[in-house]
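Engineer: Let's have the full structure, built from the sequences with the hints guiding it.
Residue numbers (the numbering used here), protein chains in the order written: chain A, 1 to 310; chain B, 1 to 310; chain C, 1 to 310; chain D, 1 to 310.
To be clear, the hints were calculated from the coordinates, so they are not data collected in a lab. Honestly, I wouldn't trust all of these hints.
One copy or two, it doesn't matter: identical chains are merged, so the pair holds either way.
Pairs of lysine to aspartate or glutamate residues, derived as EDC-like cross-links and limited to a Cα-Cα distance of at most 20 Å, are as follows [what the hints assert, rightly or not]:
#1 K35 <-> D13
#2 K145 <-> E194
#3 K145 <-> E20
#4 K168 <-> D13
4 protein chains.
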Amino acid sequence: MENTAVDQNSLEDLLSESHETKRATVDKMEEILYKPFPVLDHGFIRVVDYMGDDSAIVQAARVSYGKGTKKLSEDRGLIRYLMRHWHTTPFEMCEIKLHVKLPIFVARQWIRHRTANVNEYSARYSILDREFYVPSPENLAAQSKSNRQGRGGVLQGQEAADVLNTLKADSTQCYDHYMQMLNLNDETNEVLDESRQGLTRELARMNIPTNFYTQWYWKIDLNNLLHFARLRADSHAQHEIVEYAKVILDIVERWVPHTFESFMDYRFNAANLSAQGLEIVKRRLRGEEVSQENSGLSKREWNELEEMLS
Amino acid sequence: MENTAVDQNSLEDLLSESHETKRATVDKMEEILYKPFPVLDHGFIRVVDYMGDDSAIVQAARVSYGKGTKKLSEDRGLIRYLMRHWHTTPFEMCEIKLHVKLPIFVARQWIRHRTANVNEYSARYSILDREFYVPSPENLAAQSKSNRQGRGGVLQGQEAADVLNTLKADSTQCYDHYMQMLNLNDETNEVLDESRQGLTRELARMNIPTNFYTQWYWKIDLNNLLHFARLRADSHAQHEIVEYAKVILDIVERWVPHTFESFMDYRFNAANLSAQGLEIVKRRLRGEEVSQENSGLSKREWNELEEMLS
Amino acid sequence: MENTAVDQNSLEDLLSESHETKRATVDKMEEILYKPFPVLDHGFIRVVDYMGDDSAIVQAARVSYGKGTKKLSEDRGLIRYLMRHWHTTPFEMCEIKLHVKLPIFVARQWIRHRTANVNEYSARYSILDREFYVPSPENLAAQSKSNRQGRGGVLQGQEAADVLNTLKADSTQCYDHYMQMLNLNDETNEVLDESRQGLTRELARMNIPTNFYTQWYWKIDLNNLLHFARLRADSHAQHEIVEYAKVILDIVERWVPHTFESFMDYRFNAANLSAQGLEIVKRRLRGEEVSQENSGLSKREWNELEEMLS
Amino acid sequence: MENTAVDQNSLEDLLSESHETKRATVDKMEEILYKPFPVLDHGFIRVVDYMGDDSAIVQAARVSYGKGTKKLSEDRGLIRYLMRHWHTTPFEMCEIKLHVKLPIFVARQWIRHRTANVNEYSARYSILDREFYVPSPENLAAQSKSNRQGRGGVLQGQEAADVLNTLKADSTQCYDHYMQMLNLNDETNEVLDESRQGLTRELARMNIPTNFYTQWYWKIDLNNLLHFARLRADSHAQHEIVEYAKVILDIVERWVPHTFESFMDYRFNAANLSAQGLEIVKRRLRGEEVSQENSGLSKREWNELEEMLS
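Structural biologist: Given below as structure tokens:
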């Protein structure tokens with residue numbers, strides 16, 4: 001990964017510094033602070049700051065429940081209880097700030113999560129870098145026949161080669177023209193032709209395809225981060241954002257291990273049974289034979305239930 | 001405007017229908033309901049639904065102030081009072097739903113306003129149309145020399161022609177390749193080559209530049225809509241989003257005329273004086289000569305103040 | 001219910017009016033518009049305005065999925081699909097505005113739902129009415145022995161009588177003193193004693209217990225309204241707020257019947273199985289005997305699972 | 001201040017600990033961490049955690065403006081620029097967590113700020129303490145004659161004494177009855193009478209007036225904290241919440257001194273001139289005589305303008 005966004009000198013400065021603090025500190029987070037985790041071909045996620053730990057969640061819950069929680073003295077047990085019963089506000093007491101570099105089409109999905117703070121690199125002010133995403137061959141998926149938003153098999157042979165060539169050629173050409181319209185030299189950023197004015201940046205950027213990389217600072221509380229991870233690390237999400245969500249889950253595991261465990265058990269790997277699905281499970285557990293026909297479910301829901309229970 | 005997004009048949013169906021309601025109704029909004037206002041070369045805004053009117057704001061304010069508002073019996077006066085004193089919650093009692101078609105680079109700015117509900121057209125599911133924004137010649141601005149995010153003069157002659165050609169050619173080529181990678185015929189949407197699988201939609205879309213149009217349903221309360229309009233109809237905003245914000249202001253004027261008037265007076269055309277700026281105005285009104293040197297302001301702030309007061 | 005908050009004259013005015021509109025209109029909502037549903041001893045909920053219907057949800061979903069949804073042509077099926085798969089944004093396209101009168105301690109729970117617009121009656125400006133909540137005898141619950149936030153049996157005999165008397169006497173006395181400190185006559189609202197200044201309203205109100213009624217306009221989108229109803233009509237919620245949540249569910253059933261049905265099936269009456277719980281169900285369906293000891297669950301979780309499946 | 005909420009032992013534990021961190025650390029915040037600042041007669045605010053400093057704001061702004069900000073190399077200047085031009089998102093990159101003890105009637109105003117995370121002490125679970133707010137004599141304000149939500153002079157002599165006695169007596173009696181209905185001994189929290197069941201906590205609490213203290217953990221980003229401070233330290237806010245807002249401003253000054261300074265200059269001590277007000281100032285600066293009659297302003301607005309400019 002050639003990393004144009006993280007300045008190596010300032011990174012080393014940050015890593016060499018150390019301060020005394022009375023705040024809650026997590027050793028496993030200190031180890032990774034500021035260091036980029038690579039994602040996709042040019043992207044990354046790095047932790048820029050964090051607030052709180054598993055104990056901060058427990059502490060906040062104990063304010064709510066006051067003297068009433070003396071018995072629930074064990075932190076892990078209390079965290080599991082909170083997660084299981086959807087008492088979400090204590091998880092909002094932790095906060096994290098990430099620096100993320102990601103393709104524009106991924107950023108467009110990501111930003112739909114509204115409960116977060118964002119500062120994005122602005123191509124109205126600054127020149128974009130020549131960095132764009134091209135899928136690796138094994139991720140060059142065909143359109144699914146059955147699912148409009150899904151992937152089928154992997155493209156092969158000439159078709160795969162053609163697609164990769166097209167993506168690279170169009171990205172390269174669009175960027176070349178972007179710089180040309182700006183009247184700037186690609187390597188030196190100097191003016192190309194003194195007789196021209198150069199198109200304004202806020203217009204030139206519109207020639208850039210959505211596989212180009214952007215970057216932002218993104219700050220969010222733990223509860224909403226978990227909600228993001230649940231939706232975006234899901235098997236129905238697009239591969240490219242899943243890659244980011246997985247890195248986020250790794251970070252969460254380092255940061256708040258009890259919360260991570262309870263999240264995996266009660267959310268990520270949990271199953272939601274509809275009223276009808278629950279009734280069918282009960283009937284089966286009583287030894288009854290249930291078929292789709294006498295289940296009251298549509299074929300589609302029946303199949304989803306079968307898959308969940310198999 | 002060739003309008004691929006609004007189905008003419010269903011539009012005429014909607015326009016021919018009429019229902020009885022006890023809800024507050026605004027005649028000037030009924031006149032424009034569902035009808036697209038053109039924006040830029042292929043975009044539009046149309047009102048799909050609205051809730052409340054100027055009276056709804058007054059009514060909500062009267063709940064807050066209860067018996068205490070008998071004296072403020074005149075609606076216009078109360079609305080001006082609320083606006084002047086930043087009592088914003090009554091303005092949240094009105095809601096509007098818009099259908100907007102807009103270039104992706106405009107959508108990326110727009111979505112930063114988080115307090116709204118959005119359903120966007122998804123290119124993971126569906127095929128994008130061949131519709132992209134090309135500025136009209138008078139909007140083909142050069143980069144400002146003094147302001148990194150601003151526009152200077154208009155491009156002229158060969159440079160203008162080259163930019164327009166480049167934008168059109170790159171958009172056309174990227175779209176051609178998009179359809180080719182999808183293995184679809186541009187006109188019939190039928191499969192091009194049975195021996196190929198076709199790239200999945202969620203990947204093919206990344207070859208599309210950000211001047212292509214997307215569309216969404218966007219629902220927001222009046223208070224946040226005015227906040228949006230203040231920032232995006234401002235002279236520092238990008239021309240392309242200003243065009244949308246102006247249409248929104250026209251709609252607001254139809255919908256809640258008293259609110260519109262008070263917004264223009266106390267927000268949009270109002271001036272914010274810093275503590276130092278206020279002190280300078282007071283000194284001047286007392287007849288004192290104040291220069292930048294003895295003002296305590298930086299040169300930049302001094303110029304901004306001069307401009308405001310001239 | 002003596003209803004001091006809804007002015008009978010203006011209510012009749014509103015009910016006698018009728019307007020033509022092209023907007024989506026729901027007959028069953030028009031029937032109840034503006035009319036208060038009584039809740040508890042002096043409270044109510046009434047619908048003041050609404051935006052959208054089941055079709056508005058479908059319409060928004062079809063914008064997202066574009067040409068891709070032709071097959072899902074049936075509205076009910078699409079709504080069930082959206083609910084089942086947590087595609088929540090289309091439900092945000094409907095909005096409702098309620099006028100609610102409720103005890104302060106209920107209002108304090110209610111306001112924790114942040115994604116709503118509120119205008120509350122202000123006792124800084126206006127005089128509170130002499131209206132306070134006293135539970136009916138069958139709701140005069142004892143403290144649960146096992147659950148700190150739960151209710152046990154119902155208080156009986158002298159204890160019940162004493163509690164009711166205490167609540168009434170303290171509320172009456174606090175209100176008498178409130179008016180006395182304000183230097184106002186309770187019935188005429190006129191000054192009691194010209195030689196006194198009267199305590200400022202914003203301070204006098206602090207003598208009022210939290211069983212006194214307040215009122216507000218509350219506006220929220222359907223998705224967040226359902227979230228509210230799920231948490232507050234739940235059996236673990238406090239009886240007094242459950243009474244309000246039930247009325248809200250009745251209103252939702254009138255307003256968006258398909259959404260209501262899918263909500264009951266996939267949310268309200270659905271069950272959440274943890275990863276471990278799902279594994280146990282699978283083992284049992286395969287004919288295995290599973291006991292708490294070999295389940296991997298804590299005793300508490302085991303009991304919760306047993307209760308769900310019985 | 002007798003401080004029942006902050007456990008002295010655990011406080012000393014926290015204060016004695018010290019950790020190494022690579023995160024941004026602010027010495028002046030470390031000095032006050034966990035230590036309660038007294039507010040009113042029994043309340044407090046203490047900082048439980050914080051994230052970021054002035055540099056974090058600059059850092060986030062530089063991500064947005066990228067290479068374009070090299071010239072704005074001085075942190076203070078950039079922060080003033082951001083504040084002046086309402087570029088608010090970089091200020092969202094700092095976060096603070098406070099533990100606050102406050103009267104219920106103050107909490108009810110405070111919670112209206114929705115963009116924050118809250119965990120409040122729950123009287124459904126736990127027993128409230130016998131702690132209630134009584135204004136000091138100099139804050140025992142009379143109702144303003146001119147302003148419904150304002151304060152006039154201070155109550156004197158017998159009236160003042162009567163009000164203080166009433167507040168104390170009613171609070172004491174309501175609390176006595178609260179414990180009696182709970183069937184608990186006030187000092188030992190033991191059961192009073194084994195033959196009684198005791199009213200459930202979630203009902204007993206409703207006998208408590210709103211001058212009793214509650215407490216919560218409250219977490220918010222710096223931008224929204226400043227918005228809170230602007231509204232709640234304002235001269236039109238209620239004295240009791242102003243006292244809390246002032247402590248918050250003291251904390252902000254320690255935490256992010258450049259931001260504090262720019263906030264005071266461009267927000268807190270700034271003036272908002274309406275379009276008409278601006279026109280009048282311009283006319284006067286040109287030497288014109290302007291009177292209310294020829295100003296176009298209402299008498300009320302004219303007086304507000306006069307006051308601002310004098």
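Engineer: Each hint needs a verdict: does it hold in this structure or not?
Structural biologist: Hints and how they fare:
1. Taking CA atoms no more than 20 Å apart as the test, K35 paired with D13 passes inside one copy only; the shortest distance there is 12 Å, against 32 Å between copies.
2. In this assembly of identical chains, K145 and E194 lie within 20 Å of each other by CA distance solely across copies; the values are 13 Å between and 53 Å within a copy.
3. Proximity of K145 and E20 under a CA criterion of 20 Å is satisfied in neither setting, with 58 Å inside one chain copy and 45 Å between copies.
4. In the homo-oligomer, the alpha carbons of K168 and D13 never lie at most 20 Å apart, since the shortest distance is 36 Å inside one protomer and 46 Å across protomers.
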